[in-house]
Structure formats: structure tokens, C-alpha cells
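Count along the sequence shown from 1, add 239, and you get the number used in the numbering used here.
Bear in mind the hints are in silico, worked out from the structure with no lab data behind them. Even glycine gets a Cβ: it sits at the ideal position worked out from N, Cα and C. Do not take every clue at face value.
Lysine-lysine pairs mimicking BS3-like chemistry, simulated, CA-CA at most 30 Å apart [claimed, not checked]: (1) LYS755 <-> LYS717; (2) LYS396 <-> LYS413; (3) LYS794 <-> LYS741; (4) LYS566 <-> LYS270; (5) LYS303 <-> LYS323; (6) LYS566 <-> LYS583.
With beta-carbon atoms standing in for the labels, derived distance ranges [said to hold, decoys possible]: (7) ASP431 <-> LYS342: 40 to 46 Å; (8) GLY597 <-> HIS546: 28 to 34 Å; (9) LEU960 <-> ARG863: 50 to 56 Å; (10) ASP660 <-> LYS794: 49 to 55 Å; (11) ASN840 <-> LYS816: 17 to 23 Å; (12) SER908 <-> LEU960: 15 to 21 Å.
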Amino acid sequence: MDHYDSQQTNDYMQPEEDWDRDLLLDPAWEKQQRKTFTAWCNSHLRKAGTQIENIEEDFRDGLKLMLLLEVISGERLAKPERGKMRVHKISNVNKALDFIASKGVKLVSIGAEEIVDGNVKMTLGMIWTIILRFAIQDISVEETSAKEGLLLWCQRKTAPYKNVNIQNFHISWKDGLGFCALIHRHRPELIDYGKLRKDDPLTNLNTAFDVAEKFLDIPKMLDAEDIVGTARPDEKAIMTYVSSFYHAFSGAQKAETAANRICKVLAVNQENEQLMEDYEKLASDLLEWIRRTIPWLENRVPENTMHAMQQKLEDFRDYRRLHKPPKVQEKCQLEINFNTLQTKLRLSNRPAFMPSEGRMVSDINNAWGCLEQAEKGYEEWLLNEIRRLERLDHLAEKFRQKASIHEAWTDGKEAMLRQKDYETATLSEIKALLKKHEAFESDLAAHQDRVEQIAAIAQELNELDYYDSPSVNARCQKICDQWDNLGALTQKRREALERTEKLLETIDQLYLEYAKRAAPFNNWMEGAMEDLQDTFIVHTIEEIQGLTTAHEQFKATLPDADKERLAILGIHNEVSKIVQTYHVNMAGTNPYTTITPQEINGKWDHVRQLVPRRDQALTEEHARQQHNERLRKQFGAQANVIGPWIQTKMEEIGRISIEMHGTLEDQLSHLRQYEKSIVNYKPKIDMLECDHQLIQEALIFDNKHTNYTMEHIRVGWEQLLTTIARTINEVENQILTRDAKGISQEQMNEFRASFNHFDRDHSGTLGPEEFKACLISLGYDIGNDPQKKTGMMDTDDFRACLISMGYNMGEAEFARIMSIVDPNRLGVVTFQAFIDFMSRETADTDTADQVMASFKILAGDKNYITEDELRRELPPDQAEYCIARMAPYAGPDSVPGALDYMSFSTALYGESDL
């Protein structure tokens, strides 16, 4: 519980010992309480025209204390003593304390003497008790009261603000956003909340306190610096300040409640008025519909046609099915709305609703009865009239149907019989027209019965005095006249079609003969033109000679072809003579072919022109092929010499690099002589390049005189130069390794023999079968395969080699060796890496342990070394090198300036980092 909580159901105050302890622990709280309680008291005392300056002094005589209680309670206290003596002051303070106790507040350890004596702690405790009773105790929010109610109110009001989290009455208010959020929630126009920053509490607090004092009549009870400068602001001061905000905004909540009550009453009244307007409109619309519908139902004038009467029946059914049911619903809804409105008016103490004159529910029921009476019998009258017209309409409809079918059939028939499409038709089209005409004649005969039926129905309608007989008679007469005309036109068209058919049959035979002979002749000419103009591509003399022979054979066929041309043109001339003699109007060209005499003559002339051109082109190509053959032979002769020479040199260099004849210096000398002889061979390569350029310019793509291409020669030459250079470099590196490591020539030969033994396929890798051979060398019974030599080992090759030489090859040890000989993890071991490793294992080389032992001697058997010792024992430049790179020594026996020579030694050999 808080320091000065009074007790009603719960104790509001703790014993005096707790107050003293709390105040002594944090004097800042006393300062905040003094300032806050003083401002709170003055906010009430100023209503009586007075205030206090010093809270523990100004309440000592009890006068202002009694006045404060009268202002905040609204009640009169006992008359105070006006004397200046101590007894008078104690009496006044006791009156005030008795009044507080009368309000159900239990005072603990607070006596009038302490207040009169100016005891700060007791005075603050008393004021806090008053604040709790009159400013906080009556706060109630959702069944919680006092402190919990005030806290819940703050949480509810600040809930929409993401950066505000009110959990208590001390540190939750330090950033000032809680105060600003309360003001912005109730008076958003007073604070621009969006511009506030959580990391600027002074500005936030000053803004809230200034706005509250200026616009909300809440005095400034705390300084922003006091809150920010305290790790945990005083809870009572914050609660007092926040309660002022609660009381300031509680008036606004009461006004809101009153406004809601007024709005609710007005909403009920507006809803009732809307129901009245809806009733008036619905009643008016329903009565108007009844007024319009009754005359329509009372009309009994019959129609002349069945369709019109059926439309009347359909309209009546639409009325019963579509129009009347919604009106029945409207009538029912009108009565429901009227009853509902009257009930609502009665429940809300309003006078009953009286509709306009003529719009009462009884008026609507009377009008509806008149509608029902007019409706009665209307449907029966409609059905009787429809049955009366049904018989006449059946005959009329039958006449119309048959007449319509006949008219639809005859539509366009006269125009069809009059057209002279046969004059421009082909023979096949004439035959098709004749068959079509025969079918039409059969159809015409079949329609004779329908014409007779139409005339009979028209006669019957006339006898029954049908109302539309004149139009029926006129239509029947038109049909009969048209029928007679169709018969005459049909006979005339048959005669014209048969005459035209005979002429076109003769012409068709000539057209067919022309097409049978013109098509193959035209194909022959097109093929000849295509062959004569074909751009030939040949690469040998034999090919051009074959083309020349074929051309001569073609020229021998030209006289017979000319005779065939003249015969074809004669057939076409005979067709033209028949057309001119009998005045036949030809509709188009020869149906069997699109080849015209003009095309035949034009293509024939073109063939005659292309023959000499072909002769000239063949002669020129023959000369060009003779020149290309000379170039092929010249290139082939040189390539057949250079290609084998390159291959021989490659093999010789390979043997030198593998075989171990003489010393490494002898091998190097021999290789350099080979290199010189190879370089001297370069002019012959250049000469072959010149011949190759001539072949390319002549577009020669193959050469039967050699299997070597220029690309083969170039690649072989480049590989030869690369191989000799690489081999020389390897021997030089072997010499450097031998000299640097002190390896004898016999050891070098032994290393080469071991490497070659397991390097079997000359590809730099060793397969499973080769690896078996390695195991056999160690005593395992596994079959061997033929051996080949490469110059590089893969991981398994190298491992087998090491085992055969006596190394203990566990997985970890082999991984360490592979990291040395194959640092790039390529999976292969070169001979140079093999030599480096073997020389490191066999030669007397320095190790990290040896270097550490040497440093330990220089350091006098210590685990560290100093700069002075290094400068004394080593040359200056090497001493400084070590000093710059040695890490400080961190062992238990370390001294200032000690250096770690052990980590430095391992770093030199790559076993750790410098």
C-alpha cells in the first residue's frame, strides 16, 4: 500500500514508521509531494479567495485547513477558534481531523499536536488522506474504485496511443506522453500529438502542464525537471495530479451523456415521423392504383381478333400474378405499419396517429372491396369471347400459314427462272444447272396441291363472313396468278439449258486435249529454266565435267520440243474458231489448266536465251576448278611433312621428361637444344599459313591430298611450344629443389622411379585397377593391369606411393599430407609437389620445434623472451622483425614487455597465425 493511504474498507495509511523510512530513503519524494499537495490545496482555496505558501506552516493554526475541508466537501464545519494560543490552534486542527474521521477515514498516528508543531511528514500525510478521501476515493470505473479505478480510467483513455503504456503512478508517467495523451483524447485541438517524441520527456511534460494550466484550469503541481530527474517519481504526487485531470474531464463525460439522451429521444421522434410519412405515401399510392385499375376491369368491349382477346386474358393474368400480389402485400404492410406506429407512439407517451382524410385503414378496405367486385366475372367473359373467335382464327391462321409457306417457296423463283447464268457457265456448271432445273420442276408439281388448298380455305372464310375477308381474297388471287407465270418460265429455261450444253461439250473436249499436252510441256520448260539458271556449287573438276555433259544432252532435245509446242498451240486455235462461229459467250478460261499460249511462247523464248548463258558459266567454272586443284596439291605436300614432324617432336620430348638418362643438367641441355631446333622450324609453318590463306580465299573446303588441316597444324605447333617450355621449367625446378634441399642425384632418381611406377595412364589420375597394383606392392594378393605413365598423381596414387615407402597412412595423417602437397585441393599431385614433400621428409630441414628450442636458449630457458634479449642475440634487422611480429606473452610467469616466441615459431611454419 502507499505511504499515506487512508483506511475505509482498506487502510489508506501505513504506520508512521513506514512514512519516516520512505521519506528518509528518498528526499526527492518529499519535495515532489510538498509541491504537488501545495498546488492541489491552492486550487481549492483560491475558490475562497486565499492560498498557502508553506504547507507545514500555513496549516498550523487550523484555520485554512478547516476552510479547505469546507471548500472540497461543500459542508460547514464547527466554528473555529480565533485565538493565537497553542490551545486554540490544537482545537481548530482537532475539529478538522474530527471532520475527516466523520467521513469514514481512519487516521493512524496523525495528531493535532504534530500539525501545530509543523511536522512536515504528518502534515503531508494528512493532506494525502484528504486527497484520497475527497479526490480519489469516489472515482469509480467498471466496478473498481479509488486508485484502481483511476488507473483503469487512465489505461482506457490512453489505450489508442501505441507509445503510451500506463501500468502505475510513477515511472509510467516519466516521459510525459501519458499526460499529453489524456489531454489529446478529450481535447485534441489543444495538443499536436503527432509531433511529440518519446525521447524528449521535458518537452512533453512542460507541454502537458502548460496546456492543463492554461486551458483546463489545472494548476501546475509538479516541475518537469523533478519528474525526469527522479528515478521513480512520487506515486502520491502523480496520483494527485492525474486525479485533477479526471475531475476536469468528468464534466465533459456528463455533457456527453446528456447529449446522448437527447439524441435518443430525437431519434425515436424522427423514426415515428418517418413511419407516418411512409404510411401516408403508401396509402396514397395504393388508393391511386385501385382508382386506375377498376375502370380497366369493368370494360367488356370485345376485340375482333383472337390475338387481341388472348392479350386481354394475358394482361388479366399478369394483373392477378404480378400486379395484384404486391398490392395485397402493400395493403397488409400498411395495416402492420399503422398498428406498429400506434404502439410506438403509445409506448413513448406520444398522441395517437390520425391519417389524412380518406386515407384511414377503413377507407382503404372499402376501396379494395370495390376492386374485388369489378374483378369478379371478368375472366369468365374473356374465356367465352376467346372460344367464339377461336374457330374463325383457326381457319384464318391455317390460310396464313399455307399462304406464307407457298410465298416463301416462290420467293425469288421468278428471278431465278429469268436469269441467263447459263450463258457464262462452264460445261460442268451447265450440267449442274440442268439437274437443278429438273429438281425444281419436280418441286413445282408437288406444290400444286397446296395452291388448291389455299383457294379452298379462302372460299370457306368468305362463306363464314370473316371480318378480314378482303385481304384474304386479294392474297389468294395473287398466289394463283404467280403460279401460272412460274409454269411458263420453267419450260423456257429448260430449252435454253439443253442448247448451251451441246456447244460446251465440244469445247470441253478440245480444252481437255490442250490441258493434257500443255501441262507436261510446261513442266518440262520450267524444269529446264530452273536447271539452266541454277547456281551450281562444285569443288572438283570431275563435278564440273559431269555438269557439262548433262548440258549437251539437254541441247539435243530442243528440236522435238519445238514441234510439241506448235501442236499445242493448234488445239487452242481450234477452240477460238468454234467460239467465233457460234457466238458462245465463254465464262472463263480453260477449266483444266491455267497455262495460256502466251505463257508457253514466253517460256520457250526464255529457254532459248538461257542455253548460251549456261555454256559460258560452265566454261568459266571449269577453269576455276583447275586452279583450286593446284592449290590443294601445294598445301597437301607441305602439311604431310609438317604434321608428322610435330608429332615426332612431341613424343621425343615426352620420352626425355620421363626417362632418367644422365643428370638433370644433361636433361636440361638436351631439352634446350630441342627448343632451339623447334624455333628454327617456324618459317615452314609461316609458309604453310600463306598457302592456307590462298585456299581460304578460293573457298576450298576439303583437300583429298592430306588429312591435316591448318587448325590441326596450329594446335600441334602451340602444344609443342608449350610442352617444351613446361618440360624445361619442370627440370629447372627440380634442379632448384635438389640444390636447396641437398638431395643427391641418386635420391632424385629414386623419387622419379617411385612416382613413375604409380603414374600409369599419363593423364594425371589413377583408377581403381591401378590402385590395386599399388596395394600388391605392399603384399596384397590383387591382380595387376598394364602400367602407363603420366607425370601427375591423384590423391589415391599419392597415398599408395607414400605407404609403399614406409609411411603410416591413417586418415588424419593422410589428410595433413594432402593439404601440403595439394593446397588448392585439385585432387592430383604433381611430380614437383611430390619432390617437395619427399625432400622435406628426408632432408635435414628446420622445424617449428627446433626454432622454439633455439629461442628458449636465447631466453635463458624461459617461456618468453624480452626485446633486450632479442636485440642482444640477433642482428638488428632480424631482431626488429621478431619484435614487430611477436605477440605479448600471457602466461602466469609473464613480466612487462614479455614476448611469446612459441606462437611466433609455429606461425613461421604455417601451423598458426601471426
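Each hint, compared with the structure:
1. LYS755 <-> LYS717: Given pair LYS755, LYS717 is violated - Cα atoms ~55 Å apart, limit 30 Å.
2. LYS396 <-> LYS413: 18 Å, holds
3. LYS794 <-> LYS741: Distance of about 45 Å is beyond 30 Å: violated.
4. LYS566 <-> LYS270: 82 Å, violated
5. LYS303 <-> LYS323: Between LYS303 and LYS323 the Cα gap is close to 14 Å, so the pair holds against 30 Å.
6. LYS566 <-> LYS583: 25 Å, holds
7. ASP431 <-> LYS342: 40 to 46 Å: 42 Å, holds
8. GLY597 <-> HIS546: 28 to 34 Å: Check failed, 40 Å falls outside 28 to 34 Å.
9. LEU960 <-> ARG863: 50 to 56 Å: With a Cβ separation near 38 Å, LEU960 and ARG863 fall outside 50 to 56 Å, so the hint is violated.
10. ASP660 <-> LYS794: 49 to 55 Å: About 51 Å separates the Cβ atoms of ASP660 and LYS794, which means 49 to 55 Å holds.
11. ASN840 <-> LYS816: 17 to 23 Å: With a Cβ separation near 19 Å, ASN840 and LYS816 satisfy 17 to 23 Å, so the hint holds.
12. SER908 <-> LEU960: 15 to 21 Å: With a Cβ separation near 19 Å, SER908 and LEU960 satisfy 15 to 21 Å, so the hint holds.
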